[in-house]
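Let the sequences and hints guide you as you build the complete structure.
Just so you know, the protein sequences line up as chains H and R, in that order.
In case it helps, the working numbering puts the first sequence at residues 1 to 286.
In case it helps, the working numbering puts the second sequence at residues 1 to 592.
Simulated from the structure, these hints should not be mistaken for laboratory data.
There's no promise every hint is true.
To give an idea of the interface, some chain R residues facing chain H are shown, with a C-beta separation under 7 Å as derived from the structure [to be verified]:
id: 1; residue: Ala121
id: 2; residue: Arg377
id: 3; residue: Tyr457
id: 4; residue: Asp458
id: 5; residue: Val460
id: 6; residue: Gly462
id: 7; residue: Pro494
id: 8; residue: Leu526
id: 9; residue: Ala529
Calculated Cβ distances over 12 Å to all of chain R for the following chain H residues [claimed, not checked]:
id: 10; residue: Ala55
id: 11; residue: Ala171
id: 12; residue: Val270
Under the rule of at most 16 Å between Cα atoms (straight-line distance), these lysine to aspartate or glutamate pairs were calculated in the EDC-like manner [claimed, not checked]:
id: 13; chain 1: H; residue 1: Lys175; chain 2: H; residue 2: Glu220
id: 14; chain 1: R; residue 1: Lys437; chain 2: R; residue 2: Asp499
id: 15; chain 1: R; residue 1: Lys443; chain 2: R; residue 2: Asp463
id: 16; chain 1: H; residue 1: Lys175; chain 2: R; residue 2: Asp458
id: 17; chain 1: H; residue 1: Lys175; chain 2: R; residue 2: Asp565
id: 18; chain 1: R; residue 1: Lys245; chain 2: R; residue 2: Asp308
Being a predicted model, the structure only gives us computed values, none of them experimental.
Don't be surprised by glycine CBs; every beta carbon is placed ideally from N, CA and C.
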Amino acid sequence: MTRRAAVTVCLALSGLFGTSAVHAEKTKVPAPVNRGEVDRLSRVLDTGSEDEKLAALDDLGKLTGASAAAAASAVGELLRRGASVPVLVRALDVTGKLAQPSSSALVAPYARHRISDVRLAATRALSTTGGPDATAALRALLHGDDGASRGLAASGLATLKAKDAVSDLFAVLAKDVPEAAEAIGQLCAPAECAKFSDFLGRLPFDLVQSGLSPILLRPETEVPAELKLEILERLRKLQTDEARKFLQTVRASYPDKGNVQVKYGLDQAVDNKPVLPSPTAKGKAK
Amino acid sequence: MRAVRLGVLTAVLAAGCGGGGGVSGNVFAPGWQSDAGESIARVEQKLRGAPRPSDVAVVVGVTPDGLVGSTLPSGSVWRRAGVVDAVPSVAPDGVVMATSDGHAFALDGKNGQPLWSVSVAPFVLRGGADDGHYSVLSLGKPRLSQSRLLVVDRSGRVMVDMTSDTELGRPAIRAGVAFVPWGGQYVSAIDVTTGSEIGRLLTRELPSHALDIQGNLYFGQYGLVRLDPHIKYAESFQATHYTFKPRELPGNPVWLGNGLDLPLVDTTARAKIRLFAAPTSDDKGITIAGNSYAGTYFRALYGFALSDGHLLWADALAADAVGGGPAASGFVFCDETGKVHLYANDGGTGPVDDLGQKLVACAVGASSLRVEGGASRGSLAQQIEQSFRRFDPDMASAEALLIKELGKLDDPEVTRILIEFAEDARIPPAQRESARKLLAKRKNGSEFMLAALEHHYDFVTGDQAPPVGPLADALAGLHDARASAPLARHLNDPANSIDDVVRAARALEVLATSAEARDLSTFFALYRATADDPALVDAVLSVASALVRVGGSEGRALVERASADPFTQPDVGRGLAKLVAPKPAAAAAAKP
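Spelled out as structure tokens, the structure:
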């Protein structure tokens with residue numbers, strides 16, 4: 001359980017404080033578009049053998065900066081025409097790497113392909129291409145009949161910081177889409193976070209803790225310290241081993257330069273001491 | 001009056017001691033020489049215009065520990081303690097006869113007052129009748145052919161007591177003459193005051209029942225002959241005759257059943273699968289009252305037209321039906337909770353009586369009751385829809401019948417109901433498939449079809465995918481172009497079955513407009529190289545055909561390019577080649 005809690009927290013931290021490769025690349029100085037190379041690879045995508053097409057897709061996937069947009073456009077043409085399953089899966093993977101929002105509209109239909117490999121590749125790609133088309137497609141996938149796609153879509157919405165999708169995520173939370181919990185934890189507004197914490201004791205602890213980790217570790221500008229303290233107190237009051245271990249893991253992961261009240265609350269909770277002063281004590285302090 | 005105690009083989013009855021001349025010294029003796037209908041004709045003549053007590057409609061429920069009864073359509077409920085060993089008989093005058101704990105007894109069905117009781121052990125009741133003065137009972141032994149005939153007067157005196165190694169059927173009685181079917185071809189008319197056989201009917205109608213309904217006496221089982229001046233000619237098939245041929249029903253219930261069987265209280269499913277119809281007579285002969293008959297199948301009830309067996313009405317009770325009977329007009333059913341339900345011939349419901357106890361069986365004598373002008377329960381389509389809401393999953397046979405009947409109705413509401421049935425996961429798969437098949441053939445209700453197509457599978461709300469394929473077939477048959485947009489959207493919804501997608505694609509071949517070109521192109525791109533199923537290949541080719549028709553130059557180019565692409569799925573490629581090949585006439589015209 002400790003290991004699972006630690007993994008959950010680490011994943012939450014990577015999402016909150018880490019910087020994705022895609023975003024890092026976007027901050028680089030854009031390289032000029034290598035139009036000739038893109039055109040050559042486009043022709044291969046049109047007329048090459050399957051192996052040649054796969055190789056061309058790999059090459060297109062390596063392009064960055066302004067060339068990435070052109071590469072995405074070339075791959076998009078292939079998607080528009082259709083291709084064999086191996087080529088489609090590779091094309092969707094490459095589209096995800098290229099992370100161009102303009103690709104999302106072409107990728108979205110493939111997320112509803114009848115062949116699972118194609119469908120999941122497209123859903124993963126949408127998580128990085130982003131934009132309104134991607135968000136809409138991922139939200140729609142939460143309503144679809146494929147469990148794997150629903151899980152990927154929930155995670156994808158978190159990756160895309162699609163805060164508007166929190167209501168959809170709540171709708172699938174109790175319907176065997178565990179990824180929705182973590183996504184809610186990453187995206188929720190304070191009221192939504194409070195609503196999520198109400199699931200403590202109503203849904204399996206494993207599921208709820210995967211959403212509480214990001215909530216407790218997000219900056220206090222997004223999730224107020226008061227709300228975190230309330231959640232910590234509720235966790236403490238559970239008086240279960242799994243809650244205790246979870247609190248210890250969160251305490252170990254909480255940034256040293258984090259909010260003093262929250263740090264104090266974590267210490268209190270880990271020591272099984274009241275996190276919130278009782279109303280009487282509060283009155284006396286005044 | 002002298003009590004007559006006879007054994008078949010030893011009885012000595014003086015011929016001619018009854019009215020009009022006797023038949024045989026040995027009642028139920030098989031070695032009888034036909035009298036060409038003379039004796040039964042004399043009996044008929046004697047009884048013509050004979051007095052008959054007023055009819056009283058009575059229901060008697062069998063409970064685990066006794067009887068409970070009431071007059072119909074409503075009356076005070078009476079009870080009698082003591083486990084009965086067979087379903088009671090209810091005579092037209094409301095007298096109830098039963099056996100319990102080694103005794104046969106009769107009650108006044110109006111109030112449950114005992115009329116008489118006699119020891120009959122180890123015999124149990126097969127059937128009984130009453131003419132206001134005498135009760136006649138046919139008794140038998142379980143699993144043995146031995147029978148006993150008993151006639152008892154109101155004081156409890158046994159007037160006739162005969163045993164027979166031949167099984168006797170269910171008797172009737174009129175003005176002191178008992179009619180006892182036996183031997184698969186005879187009905188003996190016995191003067192109950194003397195025990196002598198004063199007439200014998202020979203009929204090939206396999207008589208095991210003698211029925212007294214609204215003043216007429218009928219004999220038979222599958223077919224009936226009537227006691228009237230033509231009875232003399234029964235041997236030569238010239239009696240007034242009727243054969244009831246109901247349609248086949250779930251569970252194969254039979255009408256009267258074998259009257260030689262003992263009606264032991266049956267708690268198996270068979271007791272809940274019944275068929276009810278009352279013979280009635282008019283100037284033309286015999287027919288079925290109300291020109292309709294009814295059946296039960298557990299909690300399902302239904303009524304059918306005599307003419308062609310089509311469904312007239314349907315309903316479902318809250319609990320299983322455990323018995324019932326036909327009325328002079330309408331039907332009576334008892335359910336296992338003790339409720340007694342009255343239905344008119346058109347399915348309108350009359351008052352519901354409550355016997356106040358759980359029942360294991362019930363008997364109804366309602367040949368004088370007319371249930372008419374009951375509360376309407378909506379159209380037949382609505383009745384079927386409402387019935388389905390009360391059905392259990394194990395009632396698939398009744399559901400199958402009702403769905404089939406539903407498909408015969410022209411009411412546009414039927415389309416809506418079939419859509420609901422096709423989507424309802426509580427309905428067994430075979431019945432859902434039946435609903436889909438019927439839906440595909442609908443010629444009206446297109447508004448319901450279009451509304452259904454607007455829905456898609458939704459994991460969150462729990463909505464199931466609509467029956468896209470059947471809707472596509474029906475709307476294509478109706479040439480309803482409004483279906484093109486929703487059908488095109490369904491093409492790209494993987495929650496729809498392949499079969500549904502294929503049929504949607506086929507419909508779009510004729511219905512699609514240029515507005516659907518984008519959805520068509522998407523589907524074509526997704527599957528022209530990945531179709532891994534022959535059905536999907538068919539769908540791609542249908543979509544390609546639609547694209548060529550409505551997609552303009554762009555659509556045609558997409559198809560032509562795919563046709564030339566070696567990575568297009570081979571079967572798709574061959575189909576596309578045919579599709580884009582120049583037509584012979586066009587090719588000839590193009591030649592210089």
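Hints, verified against the model:
For Ala121 of chain R, the interface hint is violated, since its Cβ never comes within 7 Å of a Cβ in chain H; the closest pair sits about 65 Å apart. Against a cut-off of 7 Å between C-beta atoms, the interface hint on Arg377 of chain R is violated, since the closest Cβ of chain H lies about 38 Å away. Interface restraint check for Tyr457 of chain R: the shortest CB-CB distance to chain H comes to about 5 Å, inside 7 Å, so the restraint holds. Checking Asp458 of chain R against chain H by beta carbon gives a least distance of about 5 Å; that is within 7 Å, so the hint holds.
Look at Val460 of chain R: its Cβ gets to within about 5 Å of chain H, closer than 7 Å, so that hint holds up. Because the smallest distance between the Cβ of Gly462 of chain R and any Cβ of chain H comes to about 9 Å, over 7 Å, the interface hint for this residue is violated. A cut of 7 Å between beta carbons decides the hint on Pro494 of chain R: the least distance to chain H is about 5 Å, and the hint holds. For Leu526 of chain R, the interface hint holds, the least distance from its beta-carbon to any beta-carbon of chain H being 6 Å, beneath 7 Å.
Among the interface hints, the one on Ala529 of chain R holds; its C-beta lies about 5 Å from the nearest C-beta in chain H, closer than the 7 Å criterion. With 12 Å as the threshold on Cβ separation, the claim that Ala55 of chain H sits away from chain R holds: the shortest Cβ distance comes to roughly 15 Å. With a minimum CB-CB distance of about 5 Å to chain R, Ala171 of chain H fails to clear the 12 Å threshold, and the non-interface call is violated. With a minimum CB-CB distance of about 38 Å to chain R, Val270 of chain H clears the 12 Å threshold, and the non-interface call stands.
Annotation: proposed proximity of Lys175 of chain H to Glu220 of chain H is violated, straight-line Cα distance about 30 Å (limit 16 Å). Between Lys437 of chain R and Asp499 of chain R the CA atoms are separated by roughly 13 Å; this keeps the pair inside 16 Å, and the hint holds. Simply put, Lys443 of chain R and Asp463 of chain R have alpha-carbon atoms about 26 Å apart, too far for the 16 Å limit, and the pair is violated. A hinted pair counts as satisfied when its Cα atoms are at most 16 Å apart, and Lys175 of chain H with Asp458 of chain R qualifies at roughly 12 Å.
The suggested pairing of Lys175 of chain H with Asp565 of chain R is violated, with an alpha-carbon distance near 43 Å, which exceeds 16 Å. Note on Lys245 of chain R and Asp308 of chain R: the hinted pairing holds, with a Cα-Cα distance of about 10 Å set against a maximum of 16 Å.
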